[in-house]
Amino acid sequence: MTTHSNNRIITGKTSIKTYREAINDALREEMRRDPTVIILGEEVSGGAGGNGQDDAYGGVFGVTKGLQPEFGRGRVIDTPISEAAIIGAAAGAANNGLRPVAELMFFDFIGVSFDQIFNQAAKFRYMFGGKSKTPMVIRGTVGGGWRAGAQHSSMLHSIVTHIAGLKVVMPSNAYDAKGLMVQAIRDDDPVIFLEHKIMYDNACEVPDEQYAIPFGEAAFPRQGTDVTIVAISNMVTRAIEAADILAKEGISCDVIDPRTVSPLDHEAILESVEVTGRLVIVDEGNPRCGLASDISAIVAERGFYSLKAPIRMVTAPHTPVPFAPELEDAYIPSVEKVLAAVRDVLGG
Amino acid sequence: MPYQTDFLLRAYRSMKTIREFEERCVKEFEGGNVPGFTHVSNGQEAIAVAACIDLSDKDIIGSTHRGHGHCIAKGCDVGGMMKEIMGRSTGLCKGKGGSMHIADIDKGMLGANAIVGGGPPLVNGAALAAKTLGTKNIALSFNGDGSANQGTVFEAMNLAVVLKLPHVFVYENNGYAEGTAANYGLGCESLTVRNAGFGMPAECVDGTDFFATYEALKIATERARNGEGPTAIEAMCVRFDGHFIGDPQLYRGKDEVKLARKNQDCLKIFRDRVIAEGWLKAADMNAIDKEVMVDIEKAVADALAAPHPDPATDLMSDVYCTY
Ligand SMILES: Cc1ncc(C[n+]2csc(CCOP(=O)(O)OP(=O)(O)O)c2C)c(N)n1
Ligand SMILES: [Mg+2]
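First to last, the sequence lines map onto chains A and B.
Take our numbering: the final residue in the first sequence is number 348, and no numbers are missing along the way.
Take our numbering: the final residue in the second sequence is number 1323, and no numbers are missing along the way.
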């Protein structure tokens, strides 16, 4: 057994798996282990009612491919285009003995189903005095880079993070995606599981056996003492790239990937800032009332005396996501912007 | 002759323009000139044109993710559209919207919509404005067999009946919502019977037949204009391409598309009909074909030569709050 600095615990046989395959693995193994796990959503299998091939899509990004042939349409349920009903059915089923994994395809479609998430599923446990359990997972793709336009590219993680009662998971690599999905399914609270659509083909070493990554434990893909960089989801990739460039210049960055933004590993961030005194937060979401401003507030409140420079947030601008490639590329925080922010907090 | 020659020529030109525009979009996409997700509407041209041909720029339409045909039928400039689809700064939405978000407010085109079921509630609003302001304008929403199952659409239909809004709900039933067959997604025997259940007149027509579709829509738009409230028209049709360009379409039967292109091509059906009736001459339509090809060629050439947006000035414009 080896424990990597980035909290990866590798035991037994491993394979190189993509982010897509890792999530598929987690779903498949949990469905084999626990007959109460079901999947529902649009095109999660595909081809329902048609004359062509069964399991035609397996999700529009192929994440649930092959599950319906193994578990049948009773457990991998293609639905009509009715997001409110999908989420409601998942929440109601979760209250009544199932562990549904509902798919919102593009997480932008949360808009249509929002009441069932934030007024219903999120509140049951507390509002009913702890007597109700809602073990459900809501999967959705987030983020830009696909030229998919304003209504298919949003980063809406901050909106769900704001809601008490929800857990919000944002894996940045295949290893975490598998372990976090296993935990999400086994967890007794509603979990929002956000997959960045640009990462589906990213691959890394993933154990073949099932493992659960506990929520609220950050990973440390790079360790350093000069500047803390907190990044989430696909921005972790860019933060690592920036850290590696800076390392060659003798600047050592402590890159923190919270992995779950609710619960958030405050302690890891505060401990790191205690050492570095400098903080850059990289988030693809909009800046106002967002995760980056939330983390800034936590550090400003609880880590103020460690800070040697103002906190810098590297986020998208406060606009919807543009379509044109040049605009979208300028919209999404780049490695260059991370480098500039790090140099800035170092007084350069 | 039940139709004016000019009307028939306009209808044909519009349908042909949509066909060639869409087929060219596929080519340009395959050539790497069109970014993102693009949904084309070839095969469904007759419905868009039948619905829009009598509308003025002050009548409002709301479209879907598969909106190119609706835009063209409503009079949007194909050059501006192609530029938008290619993400150029001189596109109809300055390249900020793309294929799924083309809008042209001056033409009464409220916008394509990438949220299934996003349009009909907004179109109710346009209808409410027309009614309240007493303009006699009407509003029309395009819907699919898939979007018919969205709660927003149910709510919009009921509200339209309750408020007696001048809103025509057009359902393009092309048999599929992505890879899910309509006969699976629609739990009802008949969408038209369900539509009637909302308390509005509802009719089902052959959407590959321009004339049948036009006649049904004419009654619906007249009802709306006369203050008699909403109508729902379900038009049966075939999608000639994938859900999006590049869709392998594994969910379709082996020769399904081939047969449909052969037997259910609304353009062919239109041509055969007008020639058989002696309403138009083949030569007139062939001349239009040539002109359309020139228009599309020019739209593509102009779009390819059009400037790209400049992030320095365009990223942060058109938004009230910069931060
Ligand atoms: C709220 C929402 N849910 C799901 C989708 C994904 N999606 C886009 S188009 C589509 C199918 C729509 O089917 P239909 O209404 O029949 O229109 P068609 O594509 O056949 O023109 C789906 C599921 C979406 N864009 N928005
Ligand atoms: Mg359809």
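Treat the hints with care, since some could be wrong.
Below, a list of computed lysine-lysine pairs in the BS3-like style, where the Cα atoms sit at most 30 Å apart [stated by the list, open to error]: (1) A:Lys337 x B:Lys1218; (2) A:Lys65 x B:Lys1094; (3) B:Lys1298 x B:Lys1218; (4) B:Lys1058 x B:Lys1027; (5) B:Lys1136 x B:Lys1164; (6) B:Lys1027 x B:Lys1218; (7) B:Lys1254 x B:Lys1027; (8) B:Lys1268 x B:Lys1136; (9) B:Lys1254 x B:Lys1218; (10) A:Lys65 x A:Lys131; (11) A:Lys65 x B:Lys1164; (12) A:Lys65 x B:Lys1058.
Every beta carbon over 10 Å from chain A, so not counted as near; a handful from chain B, in silico [unchecked claim]: (13) Gly1097; (14) Thr1180; (15) Arg1225; (16) Glu1256; (17) Asp1314.
Hints are computed from structural coordinates only; laboratory data are not their basis.
Given the structure is predicted, the values throughout are model-derived calculations rather than measurements.
Just so it is clear, CB atoms sit at the ideal spot from N, CA and C, and this is done for glycine as well.
Hints and how they fare:
1. A:Lys337 x B:Lys1218: Violated, at about 56 Å.
2. A:Lys65 x B:Lys1094: Measuring from Cα to Cα gives roughly 38 Å; hence the hint is violated.
3. B:Lys1298 x B:Lys1218: violated (33 Å)
4. B:Lys1058 x B:Lys1027: The given pair, whose Cα atoms are some 34 Å apart, is violated under the 30 Å limit.
5. B:Lys1136 x B:Lys1164: Distance ~13 Å between Lys1136 (chain B) and Lys1164 (chain B) Cα, so the pair holds.
6. B:Lys1027 x B:Lys1218: Between Lys1027 (chain B) and Lys1218 (chain B) the Cα gap is close to 35 Å, so the pair fails against 30 Å, i.e. violated.
7. B:Lys1254 x B:Lys1027: With a Cα-Cα distance of about 23 Å, the restraint between Lys1254 (chain B) and Lys1027 (chain B) holds, given a limit of 30 Å.
8. B:Lys1268 x B:Lys1136: violated (35 Å)
9. B:Lys1254 x B:Lys1218: violated (37 Å)
10. A:Lys65 x A:Lys131: violated (36 Å)
11. A:Lys65 x B:Lys1164: Violated: Lys65 (chain A) and Lys1164 (chain B) sit about 46 Å apart, past 30 Å.
12. A:Lys65 x B:Lys1058: violated (47 Å)
13. Gly1097: violated (6 Å)
14. Thr1180: violated (5 Å)
15. Arg1225: Holds, because the least Cβ-Cβ distance between Arg1225 (chain B) and chain A comes to about 31 Å, which exceeds 10 Å.
16. Glu1256: Per Cβ check, Glu1256 (chain B) is inside 10 Å of chain A; nearest 7 Å; violated.
17. Asp1314: It is violated; Asp1314 (chain B) is separated from chain A by about 6 Å at its closest Cβ, not greater than 10 Å.
Comparing the model with each numbered hint stated earlier shows that hints 1, 2, 3, 4, 6, 8, 9, 10, 11, 12, 13, 14, 16, 17 do not hold.
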